[in-house]
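2 protein chains.
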Amino acid sequence: MGKGEDTRSKILDAALAQASEGGFESLTIGTLAAHTGLSKSGLFAHFGSREELQIAAIDAAAERFADTVFVPALKAGRGLPRVRAIFEHWLRWTEDSGLAHGCPLHAAAIEFDDRPGPVREHLVARYEILQRNLERAFALAVDAGDLPADSDPGQYAFAALGIVFAYYHAARLLRRPDAADRARAAFDRLLAGAPAPAA
Amino acid sequence: MGKGEDTRSKILDAALAQASEGGFESLTIGTLAAHTGLSKSGLFAHFGSREELQIAAIDAAAERFADTVFVPALKAGRGLPRVRAIFEHWLRWTEDSGLAHGCPLHAAAIEFDDRPGPVREHLVARYEILQRNLERAFALAVDAGDLPADSDPGQYAFAALGIVFAYYHAARLLRRPDAADRARAAFDRLLAGAPAPAA
DNA sequence: TGACAAATAGAACGATCGTTCGTAAATTGC
DNA sequence: GCAATTTACGAACGATCGTTCTATTTGTCA
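Residue numbers (this note's numbering), protein chains in the order written: chain A, 119 to 317; chain B, 119 to 317.
Quick caveat, the hints were computed from the structure, so don't treat them as lab data.
Just so you know, even glycine gets a beta-carbon here, dropped at the ideal spot from N, CA and C.
One thing to keep in mind: the hints can contain errors.
Now the in silico label distances, taken between C-beta atoms and shown as ranges [stated by the list, open to error]:
{"#": "1", "chain 1": "A", "residue 1": "124", "chain 2": "B", "residue 2": "299", "range": "25 to 35 Å"}
{"#": "2", "chain 1": "A", "residue 1": "181", "chain 2": "B", "residue 2": "292", "range": "15 to 25 Å"}
{"#": "3", "chain 1": "B", "residue 1": "167", "chain 2": "A", "residue 2": "147", "range": "24 to 34 Å"}
{"#": "4", "chain 1": "A", "residue 1": "234", "chain 2": "B", "residue 2": "235", "range": "42 to 52 Å"}
Which residues of chain A face chain B? A partial, calculated answer using Cβ under 8 Å [claimed, not checked]:
{"#": "5", "residue": "229"}
{"#": "6", "residue": "232"}
{"#": "7", "residue": "233"}
{"#": "8", "residue": "303"}
{"#": "9", "residue": "304"}
Partial list, derived from the structure: chain B residues whose beta carbon lies under 8 Å from chain A [what the hints assert, rightly or not]:
{"#": "10", "residue": "228"}
{"#": "11", "residue": "245"}
{"#": "12", "residue": "277"}
{"#": "13", "residue": "303"}
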């Protein structure tokens, strides 16, 4: 690959780190240039506009997410084992991929949920793919007999996403040490249809 | 009340509306001044700094949330009825309080979860109160025998918060018409410890 | 009504924003 | 190793950012 592609991917690495810390609103040309050692105009030339940079960063985050969460889970057998693997990787995906300050996609989801434009459209498309992949994993678990036959995979995916969001909230904002335990307990309960969680 | 207090509360109304649309990062002195018809310096004098404005807006949002979600739920009998009332009001609280573009507190939670400072501390304090109120409602349901005696109210509160977050995501970003149905189904399942959700 | 205080406006500041343009340096292909 | 092309820089732009001043208007209360 040419040198351009190389620096471009380095820029996106730095962009993801920055979006992880301060969200996509903090992803300015100036600070990102300073952080990468490039000049503003030099960095700018790689994308043509800040909007294009944001879109590229969203794509990069989505790819990294898929590689960190979904791809490794394919090694687990289809059905509940794979569903559990996805969930476990998900809980730790930001740390595993060097974005220890939070999920950029999650930040983008809140920042752009009411801002029409190509960035939002891109983000929605990515989240729909994510949702579809998650639903498929649950559907395979239903097919395998690991979950009741009349289950709705979409409802499982909805609930699982909520547990992850609650985990982000408890871990990142509230700094609760038991955030992961709470999340796992909630997920176990979701899968088992178990009685009320024990104290 | 003096005229100062009056304009201050009008400013905060506009601030909440703006934070609902574009988050707290979009809450700039200039646009807020234009939106309220005040001059930048005239508006600024009411708070002394942008940070103080953000804190005041968070407090205003938290009070409005409590008035819209928790206070009306007190009319429902303690136990499951009250828990359900809280949840139902929560799903519609932004529309009921004129913040149809999203929950400002939710936006703030993501924007400030990694930005140390007084704004973050204020926000955390507010969310801990919220969590405590929610836990208390679940604890009352346990006491009333509506939930298993060995239940952990904190775990219920964690799961309920996750369902609300998933609802926000599905409704606001993905614009799914069935978001509320999904949320209610998940909540019913949480309360019932029911078997897998039907298709 | 007149004196005092509170509230608002207006202009200006340094900094940073995204973006454009012309030019220099570095890389590539022959 | 030369030529062509890609890549990066530096300076400047108008706009907006939060903030600070000084006036001026407005409201309050004896």
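Going down the list of hints, with the structure as the test:
no.: 1; hint: 124(A) x 299(B): 25 to 35 Å; verdict: violated (48 Å)
no.: 2; hint: 181(A) x 292(B): 15 to 25 Å; verdict: holds (20 Å)
no.: 3; hint: 167(B) x 147(A): 24 to 34 Å; verdict: holds (26 Å)
no.: 4; hint: 234(A) x 235(B): 42 to 52 Å; verdict: violated (31 Å)
no.: 5; hint: 229; verdict: holds (6 Å)
no.: 6; hint: 232; verdict: holds (5 Å)
no.: 7; hint: 233; verdict: holds (7 Å)
no.: 8; hint: 303; verdict: holds (6 Å)
no.: 9; hint: 304; verdict: holds (5 Å)
no.: 10; hint: 228; verdict: holds (5 Å)
no.: 11; hint: 245; verdict: holds (6 Å)
no.: 12; hint: 277; verdict: holds (5 Å)
no.: 13; hint: 303; verdict: holds (6 Å)
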